[in-house]
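What follows is each chain in one-letter form.
2 protein chains.
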Amino acid sequence: MTDHEEKARRYALLKAQLAMAKHQDKAVVLVIAGHAATYKSLLVNQLNHWLENRQTEVHALAPSEEDRLRPYWWRYWRRVPARGRVGVFVHGWYGDALFARAEHRIQAGAFDDRLKEINTFEAMLAHEGVVVIKVWLDIDAAQQAKRLHAMKADPAQAWQINERHWQRHAQHVAIDHHAKTLRGATHAPHAPWHCIVSESPDQQLRDITALLQDALTQPPSLPTQPDPNRAQTDAPTLNRSKNEDKKPSKSDYLEALTAAQARLAYNHRRCQERGIPVVLAFEGHDAAGKGGSIHRVTSALDARFYRVHSIAAPSDEERLQPWLWRFWRRLPQDGRVAIFDRTWYGRVLVERVEGFAEEQEWRRAYREINHFEAQLLTHGAVVGKFFLAISKEEQLKRFKARANTPHKQHKLTDEDWRNRKRWSEYQSAINDMLAHTHTPGAPWHLVNTDHKRCARLAVLDHVNHLLESRLENAS
Amino acid sequence: MTDHEEKARRYALLKAQLAMAKHQDKAVVLVIAGHAATYKSLLVNQLNHWLENRQTEVHALAPSEEDRLRPYWWRYWRRVPARGRVGVFVHGWYGDALFARAEHRIQAGAFDDRLKEINTFEAMLAHEGVVVIKVWLDIDAAQQAKRLHAMKADPAQAWQINERHWQRHAQHVAIDHHAKTLRGATHAPHAPWHCIVSESPDQQLRDITALLQDALTQPPSLPTQPDPNRAQTDAPTLNRSKNEDKKPSKSDYLEALTAAQARLAYNHRRCQERGIPVVLAFEGHDAAGKGGSIHRVTSALDARFYRVHSIAAPSDEERLQPWLWRFWRRLPQDGRVAIFDRTWYGRVLVERVEGFAEEQEWRRAYREINHFEAQLLTHGAVVGKFFLAISKEEQLKRFKARANTPHKQHKLTDEDWRNRKRWSEYQSAINDMLAHTHTPGAPWHLVNTDHKRCARLAVLDHVNHLLESRLENAS
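For the record, the sequence lines run as chains A and B.
Each step along the first sequence adds one to the number in the numbering used here, with nothing skipped, and position 260 is 260.
Each step along the second sequence adds one to the number in the numbering used here, with nothing skipped, and position 179 is 179.
Hints should not be assumed to be uniformly reliable.
Pairs involving identical chains hold if they fit within one copy or between any two copies, as the list cannot separate such chains.
In silico DSS-like pairs for lysine-lysine, Cα to Cα no more than 30 Å straight-line [unchecked claim]:
1) K421 - K400
2) K246 - K116
3) K146 - K411
4) K26 - K408
5) K146 - K246
6) K392 - K116
Note that these hints are calculated values from the structure, not bench results.
Note that the coordinates shown come from a computational prediction; the quantities given were computed from them, not determined experimentally.
Okay, chain A solo, but in the shape it has when bound (with noise of 0.2 Å):
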């Protein structure tokens, strides 16, 4: 390449770069994974004087331990670049699950598990405007081991070998079968592996430059759909939500709610102790009364140890993200209970009815939300899913009652009538969310909140319900 030409190239990666970053209509991930000594960091660090800094980030992840204390792909998502930015990630994801497989810390079906994980994330990034784009550099043992002696020769280069550039070399056999597994396995369309065979780090640049200039300009391509959730047959409906218990009295609601507490408070230290996380949602109809339930659940609670998030518009820092990347942010580390009052679950209920989201978007969000709360189940979460319900003419009764009640009044908003008009249209979304995120971990519990007090015991009860399973299993 002449210098003319290099000039050209650099200049039309540029303002590619600057294109999108103007645009703010995507964001670019590249994941640079590969054998030891192909050069990676030069190339990194080379692609990196070529790219505008200000909007790129460099990512050669050392989990911290506030990335340990939370579900596995916390420590990705709180990194995903923004909308308009370039991220480069040196092994990214890929980087665990390789070493650990080659080095046998986990077995093939682990590894396939987290290659499952992988290909759930990146669809999930694609279709939400980050374009991904993966490059494993390649390279045979025997010129592995010369490059390594030739670096460990050279006092320039020698402070950057050491003992694991060697332990790589020596599983070199292990490594190639299992990324050729892993590449095979994570290549799509909307997120494909380029196998680069590291000759000179001037070529690599300029491979590598090349994949970019195009995943900068060129439309991305969206992962097909997958089918959709198949409908759980025992999931809740809404018509089917009938409370038939007999109302208690204020005595013995009174004498229950304390018992309740008293067992939660108790249930709750324990999960502290042990390091349980614990993530309660709450969703419902307006004035279905998720506040005052969740005060009731709060109010056994430490304080120092739960948050209650109000999920309102996202922030414009948010909107530049992928949509989960704001429930993400919020999730408790070990030991924390976050209380969600609405969630992600807004998705699929106001976002679909209102139109915030287009059909395929809030389509494909359940599936989105059913990986993302196996997430949390698999870092040893408790997920509790309340939807309180009520009908139609109670609500009614309620909305009239908060205009009268002065310091009731500042809970009923325009928008509480608003959504009452389309009373039908939520009803039907509310059943297809029961039907397609009811999973067997974190299957909705529908409570009927016509009668307050049992509601309230009832939500209690599942609470500590859920804490206590988790505990049997935690000894």
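Position chain B relative to chain A; hints supplied.
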């Protein structure tokens, strides 16, 4: 207090909190400190039940690894409640200093330093619309012993008592003594201490909710404006910034550049290995060549260990925080480099000239900035501050060149021309900034960039010089 009175007070408190949440005109920070066995946890929990959970955060801090890898105050800055919210801090920023002093882990001088830092921090919060109230829960040693033994004997409470309680009890005299000093030194109208003798949890709750009610409803008390910083007599000024160096030939320049970058790469690697964080701040006239200089620096750095932050308008999340928050959140962890392309000095430059900050705001920013940088220095960071200056004539030449060169047009905006019209206002703002923030630990380095090559070499040389001085002191 009758039931009716209690209800009225709760409702008034809630109403005040909701009003604040709606108007987002201020935040409230409540620090609860005190002796052991003063029902602190109970109190925090009760308080939390009275407040609206969704707008409240409780922090009882055990610093994480990510906290420890950054300047001390980072852990508190990241937890400052956004305007509209209440933050409750158990012991807050007082616990560390108090208990370290009582246990002889720090001496009187360091204790005093910390108390001064606290005063600066709280004054900064108060100025930025954060109302700070602080409560000390007092108890005498005899009463404390009685309560600890009673709790230990009660199966329902015994688990709450651990080694640390007995240790704090044994140190009651020392803690009491230093707590008095601490309260005396950090009491201010804008961040007052309230000493409450711990009798019954109910009485404590009443006292504290009354304080909170005032904090939520009354206009905040502002700190008195401190004396302006004294101008440094040796501070550079724009007029004196003539660069008399001979312009090097291109080949001499490239040789010197390569040598300086190699030296920087080596210095950077040593800083990285030793965990020394580096913060480089670049300010300058439009078209003075900040981008080019930064690029010459980053070309020598390992892309995995630095990040360039291009500072533009704050996001909406940032707008709800004290103005320095968005710089605190971008500080590098130990061993990393953060390069700021435009910086916190925007407060006293563009925000002053364009009127985005009121006079009293940008005037106090000099002090706030000096304090901020002192925090970085105390943590062991290298702080490099560069002002890249050009003459008015040279700027015009460059603007015209940009307008006429296709691949440079994106660098020239209408704003550049607008700023140019205010040249003399910017000159005064720059000179004031240099005079007030040219501190011994973090002096300005003024670089005349009419000769681009000289300027780039000067920047690199100075960065090298800074790293080398710091490395010398480290060994």
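Against the structure, the hints:
1. K421 - K400: within (15 Å within a copy, 59 Å between copies)
2. K246 - K116: neither (47 Å within a copy, 62 Å between copies)
3. K146 - K411: Classified as neither: same-chain Cα gap 72 Å, cross-chain 46 Å, threshold 30 Å.
4. K26 - K408: between (43 Å within a copy, 23 Å between copies)
5. K146 - K246: Neither, since 80 Å and 47 Å both go past 30 Å.
6. K392 - K116: neither (42 Å within a copy, 60 Å between copies)
Going through the hint list in order, the structure does not satisfy hints 2, 3, 5 and 6.
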